[in-house]
Amino acid sequence: MLTKGTKFWLALCLAAMVAAAFAGYTTGGDETGPLTLGWKGAVGNHIVYGTLMMMSAATGLLAMLASAFRDADADAVAQLLETEDAPDAQIKTGPSVWPVIGAAGFAVMMLGLVLHPAVFVAGLLIVVAMGIEWTMTNWSEKLTGDPVRNREMRENLLRPIEIPLLSLVGIGVLVLAVSRILLASSVNGAVIVATVVGVGIFALAFFVSTRPTLPRALLQGVLALGFVAIIVGGIVAAANGEREFHQKGGTSNDTLVETDH
Amino acid sequence: MSENTTVIERAVTTTDPALLSRYWIGAAGLGLFLSIGVGFLAALERLDLSTASIFDGADVIFQLWSAHRVGLVLLAVLPLILGLATAVVPRQVGASSLVFPRMAAAGFWVWLFGAAITVTGFAVDGGVGAPGATSQTQAVAITLVGIMMVLLGIGATTICVLTTVVAGRSSGMSLGDVPAFSWSMLVAGTMWMLTLPVLMGNLLLVYVDLRGRSAVRFGAEEAIWEQLSWAFTNPQVYLWALPLLGIVADIIPVSVKAKLNTNRMFGAICLLGFVGFGAYAQTYFDLGTPVRQEAFSVVAAFVAVLAMLMALGALAGSLRNGAKETDASSATPLVLAMLSLLLLLVGTVVGALNAVESLDLAGTSAIGAQMIFTLAAMLVGMVAGLSWWGDLVAGRATPQRPLLITGLLLTLGLGLVGVADLINGFNGLNDFTGAVLSEAGNSGSAVDTLNLIVVIGLGMALVGALNGMISGCQHLRSSEPAVANPWGGTTLEWSDNEGSA
Chain A
1 MLTKGTKFWL ALCLAAMVAA AFAGYTTGGD ETGPLTLGWK GAVGNHIVYG TLMMMSAATG
61 LLAMLASAFR DADADAVAQL LETEDAPDAQ IKTGPSVWPV IGAAGFAVMM LGLVLHPAVF
121 VAGLLIVVAM GIEWTMTNWS EKLTGDPVRN REMRENLLRP IEIPLLSLVG IGVLVLAVSR
181 ILLASSVNGA VIVATVVGVG IFALAFFVST RPTLPRALLQ GVLALGFVAI IVGGIVAAAN
241 GEREFHQKGG TSNDTLVETD H
Chain B
262 MSENTTVIER AVTTTDPALL SRYWIGAAGL GLFLSIGVGF LAALERLDLS TASIFDGADV
322 IFQLWSAHRV GLVLLAVLPL ILGLATAVVP RQVGASSLVF PRMAAAGFWV WLFGAAITVT
382 GFAVDGGVGA PGATSQTQAV AITLVGIMMV LLGIGATTIC VLTTVVAGRS SGMSLGDVPA
442 FSWSMLVAGT MWMLTLPVLM GNLLLVYVDL RGRSAVRFGA EEAIWEQLSW AFTNPQVYLW
502 ALPLLGIVAD IIPVSVKAKL NTNRMFGAIC LLGFVGFGAY AQTYFDLGTP VRQEAFSVVA
562 AFVAVLAMLM ALGALAGSLR NGAKETDASS ATPLVLAMLS LLLLLVGTVV GALNAVESLD
622 LAGTSAIGAQ MIFTLAAMLV GMVAGLSWWG DLVAGRATPQ RPLLITGLLL TLGLGLVGVA
682 DLINGFNGLN DFTGAVLSEA GNSGSAVDTL NLIVVIGLGM ALVGALNGMI SGCQHLRSSE
742 PAVANPWGGT TLEWSDNEGS A
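Going down the list, the protein sequences come from chains A and B.
Start counting the first sequence at 1; every next residue gets the next number (the working numbering).
Start counting the second sequence at 262; every next residue gets the next number (the working numbering).
Source of the hints: derived by calculation from the structure; they are not laboratory data.
Owing to the predicted nature of the structure, the values given are computational and were not obtained by experimental measurement.
For every residue, glycine included, the Cβ atom is placed at its ideal position computed from N, Cα and C.
Mixed in with the good hints, there may be bad ones.
What the hints assert, rightly or not - Capping the alpha-carbon separation at 35 angstroms, the derived lysine-lysine pairs in DSBU-like fashion look like this:
id, chain 1, residue 1, chain 2, residue 2
1, A, Lys92, A, Lys40
2, B, Lys520, A, Lys4
3, A, Lys40, B, Lys520
4, A, Lys92, A, Lys4
5, A, Lys142, A, Lys92
6, A, Lys7, A, Lys40
7, A, Lys7, B, Lys518
8, B, Lys518, A, Lys4
Claimed, not checked - Stretch by stretch, here's where chain B covers chain A in the computed footprint (C-beta under 8 angstroms, at least three residues):
id, region
9, 17 to 30
10, 55 to 69
11, 93 to 101
12, 221 to 233
To be verified - Derived CB-CB ranges, DEER-like:
id, chain 1, residue 1, chain 2, residue 2, range
13, A, Ala68, B, Val560, 31 to 39 angstroms
14, B, Val560, A, Leu143, 52 to 60 angstroms
15, B, Arg581, A, Leu225, 50 to 58 angstroms
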C-alpha cells in the first residue's frame, strides 16, 4: 500500500509532469517535443518546461524515498530494526557554540568574496575549523554514557589547539576591521578614531581590573558588543571604500600623499 | 555545557527549539518593522512623483521599494513562519525537539548574519538595482551575498522542520495524522526547497555577472531585480503564505468545537502549494509572449482561487457545525484567522484578475497589491498563530488584547495599501513608479489621493508592527505562567505544555 507521503510526493510529481507538458504545448512546443523531453522536437518555453520537469524529478525521487522508508513511521523503523518497541524519535542534543561560530565564519567568508581574498580565506579557515570541532564534538558525545567524561576527553584533545587558534583568528579579524575603519576615515579622523578607541580600551581594562567581582555575563556582553560594533564598522567602512591617496609627481616611485575626501 | 554558564553563553549555544523560536520571531519582528518602514518612506515619495525631492531621484526610491519587498518576504514573513514552526511542529508530531537541532541553530545564525549583511548592503548604497547610477558595485555585491546567506539559513531550518514532520513523528502517528499546521509546513517546506535553490541560482548568476570577468557574463548585471522579481510576485507569493491555511485549520475547528474535513483541507493546501510554484515565471528570460500571459500561468492563477474556495469550504463546514458552541475566550485567534483568510482570498482573486490579459494589469501596481494582500494574510495569520500557540512559544500566558490590536492594525493598514494599489493598477499606475517619474504619476487625478491612502495604510501597519514588538517584549517579561491547554485542543502540542515556563 502506498503511504501518505508517497501519495503526496507522487501526486506532485505527476502534476508537475502534466503541467510541464501543458506548458510545453501552449508555449510553442510541437507534437512530440514535450513528451520526449525535447529529444524529438521543441518543448516550447525552455525555462517553464525545464523548471517544471525538474520539480517533477525532485518530487518523484522524494516519493520513491518515502515509499522505500514507509514515511519513516516509527513502527516501520522498529519493524526494520526487528525490535518490539519503536526507537526514540530523537537522541537529546546539548547546546553547542559551533553553529554560531560556523555562521560567523560563513559570513566572513561571504563578505570576503566581495571585499578581499584574505578575508575570504580567513572565513574559510573558520568554517573548516568549525567543521572539525563540530565533528569532534559529535564524536565525543558518543564515547561513553557519561556526558562529563565525554566533555573532558574532548577538551583534553582539542583545547591545546583551540585556544591559540581562536586567539589568532580574533586578533586577525579585529586588526582587519579596525584597519578598514582607519583607512576609510579622513587623515585627521583616523588619528582621532585610533586615539579614542585606544584610550577607550585602556580605560575599560583599567576599570575591569579594579573590579574583580564584576559579573562575568556583563563583561562578556560588553566585549561581544564591542566586537560586533568593530566588525560592523569594518564592513561599512570597507563598503564605503578607502579615502583617496594621491601620488606626488605621478610616477609609481613617488611618495603617496593622503588627502581627505 | 557546564552548569555555571552565563546567560550569554546559553543564549548563543542553545539548540532548544522554544528559545530558537523566540529568536526567529523577535528578529523577524524587527525585520517586519524595518521592511514596512522603508515601504512607508517609498510611499511618502510617491506623494509627489513629479519632483521626487525627498530621496534624491528614482534610484533611491527603487532601492527603498525593492528593500520593502525583499525585507517583507525574507526578513519578516518567512522567519516568522519558521519561528512558529520551530516551536510548534516538534510538539505537534510528538518529537522531543527539532530533528538536527544544531543545524536548526546554525540556520538561525546564518540567517541573522545574512540579514545584517543584507540590511548593511542596502544602507551603504547597494540593494538590488543596477549598479552605477547611484549605487556602488561593491555594495550591491554585499547585498547579494547577504540575501544568499538569508536563503541558506531559511533553507537549513526548513530542512529541519521538514525532517521533523517526516522522521520525528511519535509511534502510531502516520503522516496523514499530523495536525494541519505541520501538514502545511510539510507542503510549504517541500515547495520552498524546490524554489529557494532556483532563487539562489538567480543570485549566483547575477553575482557572477556583477563581479566576474567579461568572459563569464550573462547579461544580467543591468537587470538584477528582473532576475529576482518572480520570488516576490504571483504565483510564488502563495508559497510564502501557504502555512496560513494550516494555522487557521488548527485554530477554527478547535475554537468552534467542531471537526474539520481534513481530506479537503489537506487537499486544498496541496493544490495551492502546487500552483504557487513560481520558479518558472522568470520574466527576465521572456523571449516572445511574456510568461505571465502564457496559458499555464493564467490557469494556475485561477486554480489558486479554486484552492482557496476548497479550503474555505472545509472551514465553513466546521463553522456551520460548531458555531453554537464557540468559546468567547478564543475570540482573538478566531477573528484574526478569519481576517487572514479573507485577505488571502482577496489576494488570490487579485492574482486571477492580474492574469486576465484584457484588463491590462500586467506591470501595474495591481501586481504589488496582490503581493501585499497575500503577505498581509500571512502576517495576520501569524499573529493569530502567536495568539493561539503563544503559551508554547514563550512559556508564559499570552496577553490576547495587544495581539488583537496588532492583527487589526496590520489588516486595516495593509488592506488599505492593497485596495489603493489595486485601484491605482486599474488606473494604469506602474508597479514601480521610479522608472520615469514624470510619466509615472497622474498628477491631479485620483492617484494622488490613493497614494495618500497607501501612506496612511503603511503608517498603520508600521504602528501595528511596533505594537507587536512591544507586546512581545512584555509577554516575555511577564511572570504569569503558561496555561497547559488554554483552548481545549486535542493535538499533541497541548499534552505536555505544563511546566514549559
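Here is what the structure says about each hint:
1. Lys92(A) <-> Lys40(A): This hinted pair is violated, its Cα atoms lying about 54 angstroms apart.
2. Lys520(B) <-> Lys4(A): Within the cut-off at roughly 21 angstroms; holds.
3. Lys40(A) <-> Lys520(B): At roughly 52 angstroms apart (the allowed maximum being 35 angstroms), Lys520(B) and Lys40(A) break the hint.
4. Lys92(A) <-> Lys4(A): With Cα atoms ~28 angstroms apart, Lys92(A) and Lys4(A) stay inside 35 angstroms; holds.
5. Lys142(A) <-> Lys92(A): 12 angstroms, holds
6. Lys7(A) <-> Lys40(A): 31 angstroms, holds
7. Lys7(A) <-> Lys518(B): Status holds; Cα separation ~30 angstroms.
8. Lys518(B) <-> Lys4(A): 27 angstroms, holds
9. 17 to 30: Per the Cβ count (6), the hint holds.
10. 55 to 69: holds (count 5)
11. 93 to 101: holds (count 8)
12. 221 to 233: holds (count 3)
13. Ala68(A) <-> Val560(B): 31 to 39 angstroms: 34 angstroms, holds
14. Val560(B) <-> Leu143(A): 52 to 60 angstroms: 58 angstroms, holds
15. Arg581(B) <-> Leu225(A): 50 to 58 angstroms: At roughly 56 angstroms between Cβ atoms, Leu225(A) and Arg581(B) fall inside 50 to 58 angstroms, so the hint holds.
Of the numbered hints given earlier, the model fails hints 1, 3; all others are met.
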